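Read off the chains here:
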Amino acid sequence: MAEATRTSLGVREPEVKDIAPSATLPARRDDDLRPHLPGVEPERQVNDWGRSERVEGLLDRTLVDFFYQYWFRCEIEGIENVPAAGGALLVSNHSGALPPDAPMIGKAIKEEHPHPRPLNITVEHFFKGYPGFSMLIPKIGCVAAHPANVQRLLYDEQQLVLVFPEGRKGTEKVYRDRYRLRRFGRGGFVVAAMRARVPIVPVCVVGAEEAAPIFAHLNFMRRLTGLTYFPITPTFPHFGLLGMLGYLPAKFKIRFLEPFHFESERLDEDKALVQTVAHEVRARIQENVWDMVKSRKSVWFG
Amino acid sequence: MPTRRVLITGLSTYWGGRLAQALEQDERVEAIIGVDNRDPTRELDRTEFVRVGTQHALLRRIVEAAEIDTVVDSRLVVDSVTTSARRAHENNVIGTMNILAASSHSTVRRFVFKSSAHYYGTAQDDPAFFTESMPRPHSPSTPIEKDIVEAEASVRDFAEKNPQVTTTIMRFANVLGPDVRTSHTTLFSLPVVPTILGFDPRYQFVHEDDVVVALAHTVQEGLPGIYNVAADGVLALTEVIDLLGRRWAPLLPPWGTGAAASVLRRLGLRIPPEMLGQLRFGRGLDNRNLKATGFEYRYTTRETVLALAEHLRLHPILRGVREPYRYEREVEDFLRWSPHVSNPAYRSRTGLSPEETVELRRLHESYGERVGAPQAGTALAQAEALARAAGGTETPAPVERYDDLDPEDVVSLLGSLESADLLALRDHERARLRRPRVLAAIDGVLAQREAAPRT
Numbered sequence: 001m002a003e004a005t006r007t008s009l010g011v012r013e014p015e016v017k018d019i020a021p022s023a024t025l026p027a028r029r030d031d032d033l034r035p036h037l038p039g040v041e042p043e044r045q046v047n048d049w050g051r052s053e054r055v056e057g058l059l060d061r062t063l064v065d066f067f068y069q070y071w072f073r074c075e076i077e078g079i080e081n082v083p084a085a086g087g088a089l090l091v092s093n094h095s096g097a098l099p100p101d102a103p104m105i106g107k108a109i110k111e112e113h114p115h116p117r118p119l120n121i122t123v124e125h126f127f128k129g130y131p132g133f134s135m136l137i138p139k140i141g142c143v144a145a146h147p148a149n150v151q152r153l154l155y156d157e158q159q160l161v162l163v164f165p166e167g168r169k170g171t172e173k174v175y176r177d178r179y180r181l182r183r184f185g186r187g188g189f190v191v192a193a194m195r196a197r198v199p200i201v202p203v204c205v206v207g208a209e210e211a212a213p214i215f216a217h218l219n220f221m222r223r224l225t226g227l228t229y230f231p232i233t234p235t236f237p238h239f240g241l242l243g244m245l246g247y248l249p250a251k252f253k254i255r256f257l258e259p260f261h262f263e264s265e266r267l268d269e270d271k272a273l274v275q276t277v278a279h280e281v282r283a284r285i286q287e288n289v290w291d292m293v294k295s296r297k298s299v300w301f302g
Numbered sequence: 001m002p003t004r005r006v007l008i009t010g011l012s013t014y015w016g017g018r019l020a021q022a023l024e025q026d027e028r029v030e031a032i033i034g035v036d037n038r039d040p041t042r043e044l045d046r047t048e049f050v051r052v053g054t055q056h057a058l059l060r061r062i063v064e065a066a067e068i069d070t071v072v073d074s075r076l077v078v079d080s081v082t083t084s085a086r087r088a089h090e091n092n093v094i095g096t097m098n099i100l101a102a103s104s105h106s107t108v109r110r111f112v113f114k115s116s117a118h119y120y121g122t123a124q125d126d127p128a129f130f131t132e133s134m135p136r137p138h139s140p141s142t143p144i145e146k147d148i149v150e151a152e153a154s155v156r157d158f159a160e161k162n163p164q165v166t167t168t169i170m171r172f173a174n175v176l177g178p179d180v181r182t183s184h185t186t187l188f189s190l191p192v193v194p195t196i197l198g199f200d201p202r203y204q205f206v207h208e209d210d211v212v213v214a215l216a217h218t219v220q221e222g223l224p225g226i227y228n229v230a231a232d233g234v235l236a237l238t239e240v241i242d243l244l245g246r247r248w249a250p251l252l253p254p255w256g257t258g259a260a261a262s263v264l265r266r267l268g269l270r271i272p273p274e275m276l277g278q279l280r281f282g283r284g285l286d287n288r289n290l291k292a293t294g295f296e297y298r299y300t301t302r303e304t305v306l307a308l309a310e311h312l313r314l315h316p317i318l319r320g321v322r323e324p325y326r327y328e329r330e331v332e333d334f335l336r337w338s339p340h341v342s343n344p345a346y347r348s349r350t351g352l353s354p355e356e357t358v359e360l361r362r363l364h365e366s367y368g369e370r371v372g373a374p375q376a377g378t379a380l381a382q383a384e385a386l387a388r389a390a391g392g393t394e395t396p397a398p399v400e401r402y403d404d405l406d407p408e409d410v411v412s413l414l415g416s417l418e419s420a421d422l423l424a425l426r427d428h429e430r431a432r433l434r435r436p437r438v439l440a441a442i443d444g445v446l447a448q449r450e451a452a453p454r455t
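Protein chains in written order, with the numbering used here: chain V, 1 to 302; chain G, 1 to 455.
Extracted from the complex, chain V is given alone in its bound form (with noise of 0.2 Å):
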């Protein structure tokens, strides 16, 4: 029960977890369940993961669009590489206090793919604990970074599913570490794509580190209030609650790399193999993010 993992001062730090290959995965089947996976009801407001169409709807067309359009203004390049059909895991470097990334990668799905997909953005389960996050969260279409979660989003239902595997490690990290690539967990990542035989999409974004920097944290208000952190922005905290949204007008670039393709069965077994893509997929991302750092003109105007 969640009582036990209370503190007087409130919720505990969660466990940090990675998309760890491990147990929780389904058994590996010889036959395929894909074609008893429950129908779509339309008269439901939510779908099975939680994800409702009118709040994701009523957020896209407000404070998503806005500041797509007109905040960051955004820039995407290579969306040609998302696939437009069948399950892709798109893997993106990660920053910012209230990650503005996530949302805009979603958005340019939206806006300029000629097939526009929901994508599905792994959260980290502190969410689902956390009141008002829990409620929340799931119906703007993230779900918990569970292995069998992205197995089961990815393989079977063949959606696309968005990761951080920098995790909590790239949110938290401080304006003067910016656009330094955090380890990319245990690879868990890369067993997921594997397993489910679909390709992974290496994502680059540059921007969100300067409309969110992070100056300091408290680690004394992070235990008092039980969130993952609590940092010092330039809005966060004496703007309140509300000042997480504070960004600033920095130009958002988005590129689509060359996807990863994994066709044969069981690669996920050779340890060393997922290392090394891991490994590739990282260096991809960095690579890319140097070089459009070292192409901007201005962080605000690009």
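Worth flagging that the hints you see were computed from the coordinates, not collected in a lab.
Accuracy of the hints is not assured; some may be wrong.
Unchecked claim - For each label pair, taking beta carbons as the anchor points, the in silico distance ranges come out as: (1) G:Pro253 / V:Asp270: 47 to 53 Å; (2) V:Leu98 / G:Leu269: 35 to 41 Å; (3) G:Arg247 / V:Glu43: 15 to 21 Å; (4) G:Asp333 / V:Glu41: 46 to 52 Å; (5) V:Leu273 / G:Arg313: 55 to 61 Å; (6) V:Gly57 / G:Arg247: 21 to 27 Å.
The structure displayed is predicted, hence computed values, not measured ones.
Just so it is clear, CB atoms sit at the ideal spot from N, CA and C, and this is done for glycine as well.
Given chain V, work out where chain G should sit, using these hints.
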């Protein structure tokens, strides 16, 4: 091999009764024996009820005597509101061990264990859909969940040690429906449904009829392994409450929920601890494994909720209209065994066709006339008379002559024989002619005697 002789433990629970009713409709099932330490709560036709607890020595004798090939354990308590934690433990853990001990008899080929999705618990880092192969991420903290995990462990142990038995564990999601009463139906009957502030958990239900059909399906198919049983579709709690036409209010605080729940308990609303977990984190199950075996759900989660909604609207009008069923041993015995039951609607209870019953009565009377015994003679007198009629001497019927008798004649004899003789007769019959009607009738008489020991 199809299931033919079923033992249902926990016959008097809602599920035991419903399953027995469903199996009665299945002609492939020739004998249904139900045990429980309370009277049955549902009206049953040909199911034999034996009042016995979970003492394994007694159960084993029943299994042995009735040559049970399938045991269905439907006794598990999954709602901690219904009984005290200690009694639930006694029933769930110790009771299961006893039933497993009784089921390791050589005739048993199938064992079906009705478990619950509470096995998985509810936690922050749960997957959105549990598959059967996933272990629960944390050890259980509520008493009911501990019991279920422990009971399942002993069932799995049983399955390993008895590879000849096809063992099935079925994990059911929360059940809803017009008939069944659970903590969730109580909660949803309230005009304002309390939720935890800031949480809108995912909920998956299964319709009560689907539970029964799924159990019957497993009994007939013999599916080894573990199966989740949950309807298609996972709803958000607020969506469920909307469909029910109720309102919801975040009355429970996100911190100190347990304390708030105990305040509600004082006010008369009991929210069990395992349900608090669901109200916070929710739970989803992957139901595709069972579907892959050919099972089809009749209701989706949404339709299940709508079925409850219809019931909730009708309930205030129908309250008290229907008398609850009351079990009366004498009446049930009369209906099952008396030759005077002649109404065709009731005759099927004996397991014989109407013609057979008439014939049985006719033979019974003619034998009485032929040997000059009074028609309503004592059992002993009849036995002697019948023995004379069959054998033509004062000694019991010689085996050669017995084989010449018609099945109807043999059937009419059975009631007057001692149990030991019946067993001997059954062995003989099995070795020689194997007439199914005779064998069924012998078993019927034996089961009746087992159920009502002579006083």
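Hints versus structure:
1. G:Pro253 / V:Asp270: 47 to 53 Å: At 49 Å between Cβs, range holds.
2. V:Leu98 / G:Leu269: 35 to 41 Å: Since the Cβ atoms of Leu98 (chain V) and Leu269 (chain G) sit about 38 Å apart, the hinted range of 35 to 41 Å holds.
3. G:Arg247 / V:Glu43: 15 to 21 Å: 20 Å Cβ-Cβ, so the 15 to 21 Å window holds.
4. G:Asp333 / V:Glu41: 46 to 52 Å: Given range 46 to 52 Å: holds, Cβ gap about 49 Å.
5. V:Leu273 / G:Arg313: 55 to 61 Å: For Leu273 (chain V) and Arg313 (chain G) the Cβ distance comes to about 60 Å; the hint holds.
6. V:Gly57 / G:Arg247: 21 to 27 Å: 25 Å, holds
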